[in-house]
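Listed in order, the protein sequences are those of chains A and B. Sequential numbering from 88 applies to the first sequence in the numbering used here. Sequential numbering from 88 applies to the second sequence in the numbering used here.
Don't read these hints as lab results, they were simulated from the structure. Mixed in with the good hints there might be a few duds.
Identical copies look the same in the list; a pair holds intra-copy or inter-copy alike.
[Unchecked claim] In the DSBU-like style, the derived pairs of lysine-lysine whose C-alpha atoms are separated by at most 30 Å in a straight line are:
{"hint": "1", "residue 1": "Lys497", "residue 2": "Lys785"}
{"hint": "2", "residue 1": "Lys213", "residue 2": "Lys641"}
{"hint": "3", "residue 1": "Lys608", "residue 2": "Lys283"}
{"hint": "4", "residue 1": "Lys317", "residue 2": "Lys695"}
{"hint": "5", "residue 1": "Lys213", "residue 2": "Lys645"}
{"hint": "6", "residue 1": "Lys608", "residue 2": "Lys173"}
{"hint": "7", "residue 1": "Lys600", "residue 2": "Lys727"}
{"hint": "8", "residue 1": "Lys551", "residue 2": "Lys727"}
Number of protein chains: 2
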Amino acid sequence: MKRLAFDERGFTFDGKPGFLVSGEFHYFRVPEEDWARRMDLFKEAGGNALATYVPWLIHEPEEGTILFDRGEKRDLQGFLELCREKELLVLLRPGPYQYSELVNDGLPTWLIRNYPVIRATDPAGKPFRDESVSYLHPLFLEKARKYYKAFAGVVRPYMASNGGPVALLQTDNELSGIHMWFSGPDYNPETMGFGKEDGRYASFLREKYGTVKALNAAHGTAWTSFGEAKPEREDGASFFSARRRKDYYDFYFSTVAEYSALLASWMREDGLTGPICHNSANPRENPRFRETVERMGKDFLLGSDHYYNLDATWAQNSPTPQYALKILLGNEMLRAFGMPPTVLEMPGGSPSDTPPILKEDLLACYMTNLALGLKGVNYYVYTGGPNYPGTGNTADIYDYNAHIRADGSKNETYGALFAFGRFLTEHAWLARSRRAASVNIGFEWEGIRSIDCDCEKLSYGGGKAGKLLERGWLYALMCSACAPAMTLLTEELDPELPLVVPVSGALSEAAQKNILSFVEKGGKLILTPVIPDRDQEFRPADLLSPLFGGAVFKKSGKTLRALFAEGVGCVYGMNAVTEAEALPPDAEVLARDADGGAVFVFRRPFGKGQAVFFGADFMMTSFTQPVFLESLLARLGAKKTAFSENRNIFTSLLEDGEGRRMLFLMNLYSGRQRTSVRVTRGGEVLIEDIELEPMEIKAIEL
Amino acid sequence: MKRLAFDERGFTFDGKPGFLVSGEFHYFRVPEEDWARRMDLFKEAGGNALATYVPWLIHEPEEGTILFDRGEKRDLQGFLELCREKELLVLLRPGPYQYSELVNDGLPTWLIRNYPVIRATDPAGKPFRDESVSYLHPLFLEKARKYYKAFAGVVRPYMASNGGPVALLQTDNELSGIHMWFSGPDYNPETMGFGKEDGRYASFLREKYGTVKALNAAHGTAWTSFGEAKPEREDGASFFSARRRKDYYDFYFSTVAEYSALLASWMREDGLTGPICHNSANPRENPRFRETVERMGKDFLLGSDHYYNLDATWAQNSPTPQYALKILLGNEMLRAFGMPPTVLEMPGGSPSDTPPILKEDLLACYMTNLALGLKGVNYYVYTGGPNYPGTGNTADIYDYNAHIRADGSKNETYGALFAFGRFLTEHAWLARSRRAASVNIGFEWEGIRSIDCDCEKLSYGGGKAGKLLERGWLYALMCSACAPAMTLLTEELDPELPLVVPVSGALSEAAQKNILSFVEKGGKLILTPVIPDRDQEFRPADLLSPLFGGAVFKKSGKTLRALFAEGVGCVYGMNAVTEAEALPPDAEVLARDADGGAVFVFRRPFGKGQAVFFGADFMMTSFTQPVFLESLLARLGAKKTAFSENRNIFTSLLEDGEGRRMLFLMNLYSGRQRTSVRVTRGGEVLIEDIELEPMEIKAIEL
């Protein structure tokens with residue numbers, strides 16, 4: 088078997104770069120007699136790996152009876168042997184939680200029925216739902232440990248380290264989802280240890296604050312010991328409340344990390360070596376895994392799941408530009424974690440018969456992910472089959488409208504799988520490619536994580552900064568000649584790219600210092616739409632004002648009809664946030680209220696660099712917005728990447744750094760579109776009057 | 088000029104049936120020198136009318152200076168004269184409110200600035216926003232009256248009654264929107280007259296309750312007079328609170344009706360005769376106009392606005408099945424009002440440059456509306472032009488990406504307009520056609536209006552009944568061989584069609600009586616998912632239990648993996664709501680819990696008819712759902728309409744009652760789809776293996 092490895096740029100197989108192309112293939116569903124044929128079909132479509140859950144529900148039907156026999160629907164060993172024979176790597180996902188459209192989310196019924204004490208609860212002790220377990224509850228861990236041990240015993244001989252196919256192991260599944268989707272963080276008192284000096288919560292606070300006095304000062308509380316501290320649901324209306332909320336979220340995510348690390352340690356104890364992975368349930372949840380990534384250390388792969396529709400309640404039926412922006416955000420965050428952007432669940436179908444998963448949509452989805460940085464993929468599911476009797480919660484035949492149907496026949500969508508697989512094979516150099524960018528969007532984990540729960544007292548809070556980033560800047564830049572990348576504000580900033588920082592009123596001191604030093608050394612900055620005056624703990628911290636040399640700002644109450652920018656004209660769809668009332672003499676005004684003349688955008692030199700203040704926010708609506716951003720970025724020395732005359736066609740340019748370039752043109756709409764494209768980066772190329780079919784993603788090697 | 092008339096079946100022109108095909112054409116934007124050419128282009132595309140706002144903002148720039156001069160951008164008369172010459176009917180929309188992407192929503196700046204007292208407020212007296220006026224505020228009415236008089240003076244000679252082109256006048260615009268979108272109903276104390284015995288609110292309560300004692304008994308209050316009664320925001324957590332909330336909403340909508348009637352009376356006083364119309368902002372808001380329709384009486388046309396996307400924050404970028412369901416719901420409600428389904432704003436473009444309005448999507452949108460009952464349309468906007476300086480809030484050039492661009496050039500989407508117009512012309516018989524249906528979905532205005540604000544104490548409340556209707560039954564029936572129509576439960580029920588009644592725990596006594604008598608006389612009923620035990624005033628009222636002859640019901644706590652129905656098999660995606668614990672001897676079980684055996688669906692004879700109780704709810708996910716509904720409806724004698732083998736292709740059949748039939752096949756997805764269709768209604772026709780392009784609506788005359 089080939090040896091799988093990965094770094095921030097991509098995957099390698101025995102050291103040779105390649106895409107990880109995996110298909111979810113449930114040995115507990117797919118009829119055994121058809122395994123070989125379906126594996127061959129997957130390999131023909133360019134696949135090199137298979138993934139499967141290993142459902143506790145099925146392997147421990149009664150407590151204490153753990154069956155990894157060769158019985159029908161439980162023959163994990165047979166499956167792994169055949170994978171070895173077929174030279175397919177394997178990703179195993181033993182849960183404990185898995186969902187997979189199984190009853191009890193894949194947990195044993197005896198566990199759910201007999202041990203209600205293990206359920207996650209809200210602050211009042213009310214459980215969320217039967218299946219939402221409290222990850223670190225000792226009784227749950229005791230039961231799960233036994234299952235993990237049995238699993239390890241079976242799997243050990245098949246590990247890559249033993250010459251077997253198993254190249255990746257996954258801890259649990261879409262962590263935090265079963266809590267956050269149904270209520271919020273888990274407050275199970277036993278798990279969190281409320282009331283105990285050595286409880287998890289007390290320990291977290293002690294480590295963070297050192298003294299109870301410091302804790303009380305930050306939280307506005309009057310505890311006499313750390314053990315006494317008891318959290319409640321917080322509305323974030325005051326800085327105290329916002330700190331208490333943030334601390335609880337941070338604490339909760341640290342318990343998620345602890346849980347992942349514990350599961351990994353069990354694997355190690357039981358002799359399972361090699362890389363471990365986890366899948367964030369969707370791109371916007373990636374920041375929840377900051378503690379997990381830190382704690383899991385080397386050889387850990389965080390990926391995310393990238394569905395566009397699972398039933399008619401989803402916002403979109405097909406992959407749209409809004410979907411693409413979410414994917415871009417997600418992939419860039421994975422890159423910032425030092426991971427090769429990996430989609431651990433890419434739609435292979437849907438559990439719902441409607442909206443249908445159509446082959447054009449599916450191929451567009453895959454190609455969009457690739458254009459936006461994908462390096463590895465696992466299709467969920469590649470193929471299904473009959474559920475173990477009584478274990479399916481959506482149907483007894485788990486067809487999933489997948490590439491290969493439950494009955495073994497080829498779905499139309501197999502064509503999309505095949506076409507994408509062939510594309511990856513034919514352009515293997517893309518496996519180490521990078522996305523070309525003209526500009527960096529700066530963010531920090533804490534900022535982006537708190538998007539939906541920052542403090543309302545901030546000068547610009549309430550999640551607005553996150554929307555401005557995704558639906559404002561990222562969207563507008565994707566409609567411009569200047570492709571955006573994302574970068575962590577707490578790491579070294581690329582001096583070659585102008586840096587846009589959409590902020591709430593809070594930004595960590597480390598980030599503020601880093602930005603200041605970036606500009607000092609020659610960096611070009613756009614700060615928008617406020618000057619942060621608090622750090623991420625909501626303590627006063629205003630290190631960025633000096634960039635603007637004594638400019639006097641005020642919160643603007645204006646309704647802007649338009650901004651007016653010299654050389655551009657009117658810019659529509661901008662909302663006034665911060666006006667500059669007085670400017671230092673070296674400031675250059677870049678945009679004013681088109682009617683009243685108040686200054687909203689200006690720049691000034693600072694150190695060897697330049698700082699632009701941009702006091703407006705916006706959602707992408709009018710093409711005057713990207714035109715303005717292009718002009719602004721040009722003044723800051725940004726180099727264009729690729730420009731589509733029809734701004735509703737997103738572009739992306741992948742490069743290998745040695746002269747190879749692939750241009751992607753994305754028509755993520757249901758109607759035909761035409762455009763002409765000028766590629767600037769890496770040598771000018773003009774592509775004139777090109778037509779794109781509905782949902783067509785054209786890839787053109789230049 | 089031809090004389091426009093309408094009834095529930097459609098429009099007539101000098102007595103001859105035809106579609107109303109109007110285009111929004113702003114004389115205050117389109118350059119005068121290009122009016123004639125653009126009118127000709129509209130006529131070439133099948134148009135027979137134009138519509139325009141008459142913006143107060145532009146015609147009364149300073150208080151007291153009302154200008155209907157022949158000045159540039161204000162030449163309403165010139166526009167009307169040219170319409171007469173071109174034989175285009177005109178729909179005039181003088182506001183006062185209009186929006187139309189104008190600053191202040193089209194209200195004069197002096198009005199907004201100088202009279203803040205006219206703003207709508209919340210119960211605490213906080214205004215919603217500057218432009219959200221309180222419709223019946225005396226000061227606002229005083230100002231508006233003068234504008235209306237001036238408007239009438241100009242328009243009178245051009246009215247149809249005087250041989251002119253003006254065939255329709257609209258009162259205000261998207262009424263209730265400027266309140267409900269930003270806060271909720273208006274509580275302006277001056278307008279509503281709180282604290283006054285002869286105030287509007289006191290009068291409403293007096294008329295409804297007669298005595299203060301009765302009011303207090305219903306509201307759980309202790310007022311000593313009607314004048315004393317003061318409303319607050321209500322959460323509906325108790326029946327008292329829910330009644331107070333419902334009464335306030337009913338009262339508020341009655342003030343909306345009063346306002347419309349008042350504007351109409353001004354028109355009459357000033358000599359403007361002929362039909363008057365109003366546009367509900369979207370299909371789901373149609374029920375808000377029950378009081379308006381009643382109050383406006385004859386010669387009133389209620390239409391609704393049917394956008395599918397106005398910017399990237401909308402759920403869908405193109406017309407989808409979810410959009411089609413909303414349209415079906417909306418059109419059926421208009422029919423129930425006795426109106427010809429008229430789309431008073433059908434997208435002609437969008438104020439946002441992204442997502443783009445593409446010609447395929449646009450044609451699919453028009454054809455879908457037609458397939459689902461449309462009889463009249465006004466494109467918003469057919470064409471635009473430069474805004475009066477400083478009056479546009481999205482751009483200075485109001486291009487709107489419309490059929491004819493601001494600069495006069497043809498947009499690609501003109502092709503969609505032209506194709507649809509030609510289709511209507513070539514199939515003029517459709518103007519009096521009816522949509523064939525196999526089954527009726529029963530509703531009542533109060534029920535559907537309270538969908539999002541019924542009482543949580545109801546056995547099935549919290550808006551669930553509305554979702555079950557739209558995303559459950561309507562969706563599943565559109566995926567079945569049995570097309571749904573909708574019918575008011577308080578009017579005569581068609582004995583030929585089985586009647587499905589998705590209810591919350593509340594249903595008016597009148598509706599309950601009507602249903603009972605319908606079944607007694609031979610009707611076939613499906614009641615789901617509870618037996619209502621309250622009337623719409625939340626008073627005990629259980630008239631429907633007798634239908635089920637002593638069956639004992641209980642609220643079900645089950646998680647259903649599936650229902651099992653004889654002859655159908657497992658039905659997935661159903662949620663347990665009500666189980667039957669004991670059945671009368673004459674009951675026939677139709678579906679049980681597939682695992683536990685509890686009864687969820689059964690039928691029994693009652694009078695000359697049959698009653699089915701269906702104790703589960705569902706969102707459309709699995710095609711086993713429509714299969715089950717088909718089988719159930721077949722048992723109740725429903726006759727199939729048209730069946731698409733690919734259930735993701737919606738069908739609709741229009742008939743003229745004299746043998747002409749037009750079948751519509753709708754592919755509202757971005758990928759190609761194939762299907763075969765069997766039409767049963769009106770003579771069997773089989774259409775085999777037909778392919779539909781992305782967003783293609785095929786119309787086949789049979």
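So, going through the hints one by one against the coordinates:
1. Lys497 / Lys785: both (25 Å within a copy, 28 Å between copies)
2. Lys213 / Lys641: between (45 Å within a copy, 24 Å between copies)
3. Lys608 / Lys283: neither (49 Å within a copy, 70 Å between copies)
4. Lys317 / Lys695: neither (49 Å within a copy, 65 Å between copies)
5. Lys213 / Lys645: So Lys213 and Lys645 pass the 30 Å test across copies only (19 Å; inside, 46 Å).
6. Lys608 / Lys173: neither (55 Å within a copy, 68 Å between copies)
7. Lys600 / Lys727: within (28 Å within a copy, 71 Å between copies)
8. Lys551 / Lys727: within (28 Å within a copy, 51 Å between copies)
Figure legend: structure checked against the earlier numbered hints; hints not met, in rising order: 3, 4, 6.
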